[in-house]
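Trainee: Protein chains in written order, with the numbering used here: chain A, 1 to 457; chain B, 1 to 256; chain C, 1 to 472.
The hints are simulated quantities; they were obtained by calculation from the structure and are not laboratory data.
Accuracy of the hints is not assured; some may be wrong.
Claimed, not checked - Calculated Cβ distances over 10 Å to all of chain B for the following chain A residues:
#: 1; residue: Lys10
#: 2; residue: Val38
#: 3; residue: Leu53
#: 4; residue: Leu58
#: 5; residue: Leu149
#: 6; residue: Thr161
#: 7; residue: Tyr190
#: 8; residue: Ile221
#: 9; residue: Ala238
#: 10; residue: Leu273
#: 11; residue: Trp274
#: 12; residue: Trp276
#: 13; residue: Glu306
#: 14; residue: Ile326
#: 15; residue: Val390
#: 16; residue: Trp405
Stated by the list, open to error - Okay, the calculated bits of chain C under chain A, using three or more residues with CB under 8 Å as the criterion:
#: 17; region: 110-122
#: 18; region: 316-322
#: 19; region: 462-469
To be verified - These stretches of chain C come out as covered by chain A in the derived footprint (C-beta under 8 Å, 3 or more residues):
#: 20; region: 63-70
#: 21; region: 205-218
#: 22; region: 252-260
#: 23; region: 431-438
Just so you know, even glycine gets a beta-carbon here, dropped at the ideal spot from N, CA and C.
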Amino acid sequence: MQQRRILSEKQINAELLNGNLATPKWYFPVMGVLGTGVIIGFITILYMFNRGLGVTGLARPVYWGLFITTFVFWVGISHAGIMISAILRLTQAEWRRPVTRAAELLTVFSLLTALFFPLMHAGRPWRIAYWLLPYDFARGIWPNVRSPLFWDPIAIGTYLTGSTLFLFVALIPDLAILRDRTTGIKKGIYTVLALGWRGNPRQWQLQVVAGILLSALMLPIFVSVHSIVSWDFAVTPAVEGWHSTIFAPYFVIGAVHSGVSAVVTMMCLMRWLWKWNNYIRPEHFDALARLLIVVATAWLGFTFLELIFSLYGRDAPEIALRELQIFTWPWNLIFITFLLTGYIIPVGCWLFKRCRNNIAIMFWTTILVNVGMWLERFLIIVPGLARKQVFVYTWEGYWPSPVEWIIMTWSFAWVSFLMLLFARFFPLVPLFEAKESQVFTTEMKVGRATVPMVIRE
Amino acid sequence: MVAEKQSKFKWGMAVDIDACNGCQACVIACQSENNIPINTEDNFKDARGIEWIRVERYWEGEFPNVKAKFIPILCMHCDNAPCEPVCPVYASYHTVEGLNVQIYNRCVGTRYCANGCPYLVRFFNYWEPEWPESFQNHLNPDVTVRSRGIMEKCSMCIQRIRRGTRDAKKDKREVVDGDISPACVQACPTDALVFGNQKDPESRINKMKNDKRAYTLLDHLKTNNNVWYLAKVDPDIEAHHGDKHHGEGNHKEDSH
Amino acid sequence: MEKVITRRILISEELNNQERFNAATSSLVSTTKEEMGGKFKIVFGIFAALSVMGILSLLIKIFQGFDDKSSWGYYSAIVSLLFGVFGTAPMVAIAPMIAKADWHRPIARIANMFTAAGLSSVIMIFPLIFALPPLVVGGYRRRSIWFDANIYTPHVFFGLAVVGLFLIGLGMLWVSSIPDLAAMRDHSTGRRQRFAKILSRGFVGTERQWISLRARIGMMSTFYFMFLIFVHILYSINFNLELVAGWKDAIYPMYHAMTGIQSGIATVMIAVYLIRKYYKLEDVIRIDQIWGLAKLMFAATIFWFYFFICAFMIFWYGKSEINVMTIKILVNGPYMWVFIGAFLLSFIVPWWIIIWNPVRKNPPMLVLVATITLIGCILDRIRLFVISWQVYGEDTIHLRYIPAEDIPDNMIMPTLLDGTLFVGFISLGIFMFLLMSRLLPIVSIWETHQSILLTKHIKFHRTEVYAVGKPD
Chain A
1 MQQRRILSEK
11 QINAELLNGN
21 LATPKWYFPV
31 MGVLGTGVII
41 GFITILYMFN
51 RGLGVTGLAR
61 PVYWGLFITT
71 FVFWVGISHA
81 GIMISAILRL
91 TQAEWRRPVT
101 RAAELLTVFS
111 LLTALFFPLM
121 HAGRPWRIAY
131 WLLPYDFARG
141 IWPNVRSPLF
151 WDPIAIGTYL
161 TGSTLFLFVA
171 LIPDLAILRD
181 RTTGIKKGIY
191 TVLALGWRGN
201 PRQWQLQVVA
211 GILLSALMLP
221 IFVSVHSIVS
231 WDFAVTPAVE
241 GWHSTIFAPY
251 FVIGAVHSGV
261 SAVVTMMCLM
271 RWLWKWNNYI
281 RPEHFDALAR
291 LLIVVATAWL
301 GFTFLELIFS
311 LYGRDAPEIA
321 LRELQIFTWP
331 WNLIFITFLL
341 TGYIIPVGCW
351 LFKRCRNNIA
361 IMFWTTILVN
371 VGMWLERFLI
381 IVPGLARKQV
391 FVYTWEGYWP
401 SPVEWIIMTW
411 SFAWVSFLML
421 LFARFFPLVP
431 LFEAKESQVF
441 TTEMKVGRAT
451 VPMVIRE
Chain B
1 MVAEKQSKFK
11 WGMAVDIDAC
21 NGCQACVIAC
31 QSENNIPINT
41 EDNFKDARGI
51 EWIRVERYWE
61 GEFPNVKAKF
71 IPILCMHCDN
81 APCEPVCPVY
91 ASYHTVEGLN
101 VQIYNRCVGT
111 RYCANGCPYL
121 VRFFNYWEPE
131 WPESFQNHLN
141 PDVTVRSRGI
151 MEKCSMCIQR
161 IRRGTRDAKK
171 DKREVVDGDI
181 SPACVQACPT
191 DALVFGNQKD
201 PESRINKMKN
211 DKRAYTLLDH
221 LKTNNNVWYL
231 AKVDPDIEAH
241 HGDKHHGEGN
251 HKEDSH
Chain C
1 MEKVITRRIL
11 ISEELNNQER
21 FNAATSSLVS
31 TTKEEMGGKF
41 KIVFGIFAAL
51 SVMGILSLLI
61 KIFQGFDDKS
71 SWGYYSAIVS
81 LLFGVFGTAP
91 MVAIAPMIAK
101 ADWHRPIARI
111 ANMFTAAGLS
121 SVIMIFPLIF
131 ALPPLVVGGY
141 RRRSIWFDAN
151 IYTPHVFFGL
161 AVVGLFLIGL
171 GMLWVSSIPD
181 LAAMRDHSTG
191 RRQRFAKILS
201 RGFVGTERQW
211 ISLRARIGMM
221 STFYFMFLIF
231 VHILYSINFN
241 LELVAGWKDA
251 IYPMYHAMTG
261 IQSGIATVMI
271 AVYLIRKYYK
281 LEDVIRIDQI
291 WGLAKLMFAA
301 TIFWFYFFIC
311 AFMIFWYGKS
321 EINVMTIKIL
331 VNGPYMWVFI
341 GAFLLSFIVP
351 WWIIIWNPVR
361 KNPPMLVLVA
371 TITLIGCILD
381 RIRLFVISWQ
391 VYGEDTIHLR
401 YIPAEDIPDN
411 MIMPTLLDGT
421 LFVGFISLGI
431 FMFLLMSRLL
441 PIVSIWETHQ
451 SILLTKHIKF
461 HRTEVYAVGK
471 PD
C-alpha cells in the first residue's frame, strides 16, 4: 500500500519550501483573479449594508436563505482540520502526516469566513458589535444565554482559537527552518514567530505534548460546534423538518464528509500546483477515500433516518413539507442532484481502487461531494421555511438574488485567496512531519513480499 | 412569573370567528395606528408585506355550495413564546402584563424569532419605510417608526394600554373593562374582537374564553396563547357532528 | 506448568519465526484439547442448569398470555440487552479490523464467539413478536415506520432479521476460523479431527485460498455490522418507540445501537480478562489489547452522553406538549430514579474512572468499570422499555401524544419471572460461549501467526521500539 520513498532531509527542505523561498510562476495571475473576486465581493457586501437586506431574495416566510446555508457549509468544511489532525493523530494513522497542516489551515480560514455570514445576514450588523461584544453591564441587560445564536459565536470562537493555536504549535519547527533560510525583514518576522526554537529534546517533547493535549481538548469542541449550529434549527418546534433530535450528529457527520472531501480537493491542488508528488501520494488518497466511504455511508444512514422519522409522525404539514422538498419542482431537481453528488456518484467511484488512486477522479468526486453537501444544507433550511403549514397562509418559493450569489461566490474566492497567501509565506506540508514519517516507517521482508512497517512507542 | 403575579393586568383577546365577516377593517386600523408602511402591490409580490393582523380566508366545499371562512390572525402573545428564548439580544421580551413585545432599539435583525413563530406574525423591515409626502403628518406620534433591519409585530397597541392605565391612575380609579381597546378591536364592526384584562373576573374576555366554543390555536405546541378563538357555529356541521369539534386545537387544520 | 512455558515462547526473541509458529499452534490448539478441568465442568454445569431454568420460565411466560402488554416491558428490556451484550460484542473485532488497527488480533476470536451466544436472543424474540400489537389497533392505524404495510409486517420482518443476524454471525465466526480449523485438523486426532476436517473445507493455505478467505472475512464482517445496526434500528423502533404515541425521536435507533455497542465492549472486556487469567494467556493478550478496548469503551461512554443530550436538548427546548410528554416518560417521570442510576452508571462513573490513562492499562479496574457500565445499561434499558409497554394503550396509541393523565405515576417492579428470565438467558449465552470455546481455539491461531510475522522489536536510536507491519 505505501510506496515508501527515501528522501534526504535536504531534499525535503528544498522541495517543500519551493513555494516559500521563491514565487511560483502561476502565483501572481491566480492571486490576481482571486483578488478581483474578493474585491468585488467586498464591494457587494458594502452595497448590501448600504441598502439593507431588501436587496436579497429573502421574504416572508423564508427569513433565512443562502447566507445561512453558506454559513453552515463553511462551518462544515472547518471540521476537516480536527478530523484529520486530531482524530487521526489520536488513532495513530500514519497517512495523516502530509495533510495535517493544510487541513488545519482550511479549518481556520473557513471558520473565519463562516463568521462573516451570520453578521452579514443580520438586519443591523453594526448593532451586534454594540449589543453583544461589550456586554451591556451598565444597564444590567445581558445577552440572552438561552439563545442558540448566542452559543454559536462562543462555540465557533473557541474552535477558532483552538485551531489557530493548534496550527501555530505545529508550525513552530518549520518557522525555525524558514528563519534559518531567509534574510532581512523576513528573517526578523520568522525569528519572532519561531519563539526561539532550537530543536532540542525538551522543546520537541513540549511540542508533541502540546499537540496531543490540544487534539484531545479540541475533540469535544469539534463535536459541539456543529451540534450547536444544528441546534440553531433543531430547537425550533414551529418549523416542520427542523425539530428533529438527529440533527446534531447528522450535521457533524455531514460536516466531516464535506470537510474531509475539501481536504482531498486541496491535496489534489497542492500536488498539481507545487508538484509535491513525493509527499502527497496516491496511498494518501486511497486511505482518505476509504475513510470517506465509511463516513459517507454513515451520513446517508442518518439522512434516511431523518427522512423516515419525518414521515413517521403522519402529521399533514410534515408530509406536505417532504412533498415540497422531494417531489415538487424545482426542489426535486435539487434533491436528486444532492443525492447523486453527495453520495451515489462519489462513493460509487471510491469503491474501486483504480479510482481511489487516480488524482483527477478524486479531485472531481470530492468537488461533487461539496456541491451535494451545500445543496443538502439548502434543502434542510429553505423548504422547511417555505412551508405550507397551518396558519402560515403565505408560502412562497425563494430564489436568491444576484447579490446573494455574488457574496456566496466571494466566500470561495476569499478562502482560496487566504490559503494561497498563507502558502506563500509558510510551508503547506509540515516539514518535520515529513521527516518524522521518514524515520518512523521502515520495511520488513515477509516471505517474498516487502511490507511497510510503522514504529509505535 | 413572579412579576406577572404582582401585576394587576394580564391582557388577552378573544376572537369570535362566528361574528367575523372578513371585512379587513381591523387590518386597516392596525396599519394606520401603528405606522406600518404601506403595503404596495410590489411588497405583496415580494412576500414582504407587513400586516400585524391579517384575515385568513378559507374556502370550503365546491361551487355552488361554497363557504368562505375567515380567521383573523394576530400575535398570540404566548405565555410560553417560542420567539422569546431564541433572541440573542433579548429584543423579544415578555412584559409583566403578559404581553409579548419587541424592543426595536435592541433588535439586530437575526430573524430567528420569526422562524420560531408558528403563526408567522413577526415581520422584518427589509427596506427603510417610506410614506408619500402627504402622509408625513398622518403618522401616529405615540408609535416608533421602525427603521430597516429590525423585526416588528403586534403589540396589542401598547401605547393605548399605557394611555388607558395612566388615565385611570390620573382619575384615581381602577381600569374597567372597555377602557382600553386596541385599534383593531375598536374598528371591528361586528364586535368579533374583544380585548380585556384576564385578571378581572367580570371582563368580557374572561367570559368568552370560558365559553364552550373557545379554543386556542395550535394547542399541541403548548405555547399558552393569550388570544382565544370562538369556533364558528355552522348549522350544517352542527347537524352532523354535534359538539364534537369544540375545544380541539386542531379544529382548523381540517379546513385547509 | 509446561503449558505456561510453551506460551511464554511466543514472545521469546531467541527463537526464529518458524519455531514460534509451531509453539503458538500447538499451545492454542491445545486449548480445545485439554481435559476439562474440574472447575470448568462445574461452571459449565451451573450455566447449563441456569439456561434450562430460563427456558422453563419462558414457557411459563408464554402460558401467561400476551394480552397484558405492560408485563412484557421487562421482557423486551432483556431482549434489548441481549442484542447489546451478545449481538454487538463482535463489533469489537470488526470495527478495529475495518480501521486496520493491529491490536485487535488476539481478542478478535473472543469477540466473534459471542455471535453463538446470540442464540439466546433468537429464542427470546419469538414470544415477544407475538406480544407486539399489530399495525392496526382499535380501528386506527398506529404510527409506524412500516406506514401502510400489511398489519403483521414488523412481526415477520423482525423474526427474519433476528434469525438472519444469528446466521450471519455464525457464518462470520466460521469463516474467520477456517485456518484454525485446518490447523486443528492437522494437529489433533479422533472426533475433533473429523469435526475440523469437515468445517475447514480443504483449506491448505494456498495464496488463492488466503485471498478469497480475506475477502470473505471482510465481506461477512461488514455485512454483520450493517445487519446489526439494522436490527438495532428495527428493534428500537418497533418494540419501543412505536408503542409510545407521539414519541418522535430520530436519533433513538442510533442511541440504542450505541448503547448496545457500549455494553458489548464491556462484555468483551470482562470475557477477555477472565480468559486471559484462566488460560494464562498474558503473553498473547497483552496490555495493548486491554488498552485498546479501554479506549473504545471511553469513546462509547462519551457517545452515550452525546446521543442522549442530542435528544434531550431538543425535547427540553421545544417545550411543546409532545416534547414535555416525551421527557416525562423517559426522564423525569415514574422512572426518574432508574434514569438517574443509568446516567450515573453508564456515563458519569465509568467516564470519570476511565478517563485516567493508568486505569486504562489496569485490567482489574477495567473489569470494575465494565461491570458498572453493564449495570448502567440494564437500568437504561429498563427506563426505556418498561415504560413504553406500560403506557401503550389501544385507545391512546393513535393520538398525537399521550395525555398527561395517562402517564403512570408508579413504576412496574420486575417479577420473579422476569428475574429468572434475565438470569436464565444471560446464562444461555454464556453457556453457548463456553461451548464454542471447547470447539474452537480461544485465540485465533492464524491471527497470532500474523502478529508474530508483522511485529518485531527493533532498536531505534537509543531505545527499543515495537514496529508493526501494515500490509494492504
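Trainee: Each of the hints needs a verdict: does it hold here or not?
Mentor: Now the hints, each set against the structure:
no.	hint	result
1	Lys10	55 Å, holds
2	Val38	25 Å, holds
3	Leu53	5 Å, violated
4	Leu58	7 Å, violated
5	Leu149	4 Å, violated
6	Thr161	20 Å, holds
7	Tyr190	41 Å, holds
8	Ile221	20 Å, holds
9	Ala238	4 Å, violated
10	Leu273	40 Å, holds
11	Trp274	42 Å, holds
12	Trp276	43 Å, holds
13	Glu306	19 Å, holds
14	Ile326	20 Å, holds
15	Val390	5 Å, violated
16	Trp405	18 Å, holds
17	110-122	violated (count 0)
18	316-322	holds (count 4)
19	462-469	holds (count 5)
20	63-70	violated (count 0)
21	205-218	violated (count 0)
22	252-260	holds (count 3)
23	431-438	violated (count 0)
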